[in-house]
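Use these hints to put chain S onto chain C, whose structure you have.
Residues per chain, in single letters:
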Amino acid sequence: KAGVTQTPRYLIKTRGQQVTLSCSPISGHRSVSWYQQTPGQGLQFLFEYFSETQRNKGNFPGRFSGRQFSNSRSEMNVSTLELGDSALYLCASSPHPTDHNSPLHFGNGTRLTVT
Amino acid sequence: QKEVEQNSGPLSVPEGAIASLNCTYSDRGSQSFFWYRQYSGKSPELIMSIYSNGDKEDGRFTAQLNKASQYVSLLIRDSQPSDSATYLCAGPPGGGGNKLTFGTGTQLKVEL
Chain C
178 KAGVTQTPRY LIKTRGQQVT LSCSPISGHR SVSWYQQTPG QGLQFLFEYF
228 SETQRNKGNF PGRFSGRQFS NSRSEMNVST LELGDSALYL CASSPHPTDH
278 NSPLHFGNGT RLTVT
Chain S
2 QKEVEQNSGP LSVPEGAIAS LNCTYSDRGS QSFFWYRQYS GKSPELIMSI
52 YSNGDKEDGR FTAQLNKASQ YVSLLIRDSQ PSDSATYLCA GPPGGGGNKL
102 TFGTGTQLKV EL
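Protein chains in written order, with the numbering used here: chain C, 178 to 292; chain S, 2 to 113.
In short, the hints are calculated from the structure, not lab data.
Each residue gets a CB set at the ideal place from its N, CA and C atoms; glycine is no exception.
It cannot be assumed that every hint is accurate.
Stated by the list, open to error - Simulated restraints on C-beta separations:
| # | chain 1 | residue 1 | chain 2 | residue 2 | range |
| --- | --- | --- | --- | --- | --- |
| 1 | C | R244 | S | G60 | 36 to 42 Å |
| 2 | C | K190 | S | L12 | 35 to 41 Å |
| 3 | C | R240 | S | R78 | 33 to 39 Å |
| 4 | C | G217 | S | G55 | 33 to 39 Å |
Isolated chain C (complex conformation):
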């Protein structure tokens, strides 16, 4: 079974631009979560989607948004990029958001660099 696929793997953007990251979950997984990882803050929760609905949102500004499609694929968008948005963005999937027997499985991430 293929794992979580994130594209692109690397992105370089300049301040003020916007960016869209894509995530394809493991086949059959309907819950997709996004995390930001930086050396200083570690892994921080961005948002979680299930059945095209945002279930939870982390403490990030409104510049960070996401959506989920009917095939469970998800995208996240960051507008008006700031230098501090440089990070590894990780997508994770699981079959169901409350199924504790099936924890999160992470993709390889998208490394975003803002210059």
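Positioned in the frame of chain C, the structure of chain S alone reads:
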């Protein structure tokens, strides 16, 4: 107080020794915990999950959960150089869901 706390390390152990990684949490409602391993430049991969008080063993790994003390640990027996990585402890809020709160991770170095 952070919701999930870990000692950042690095924790250095000789090859063949037992590595003990610890994590404390503040949300008494948390019911399950996960240990992830992350190699430098890679994404986190699940090592162990634990939902009940006590020990859970899987090969060289043993997870321990003490809900009364709000303490989770991961023991790695017969440590190998390939175990050198950052180990992340994570737990959901008491309400469940996939909003996992991660500790900042403990860097483990297994020395020859």
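*asked:* Are any of the numbered hints broken by this structure? If so, which, sorted upward?
replied: Of the numbered hints given earlier, the structure breaks just one, which is hint 3.
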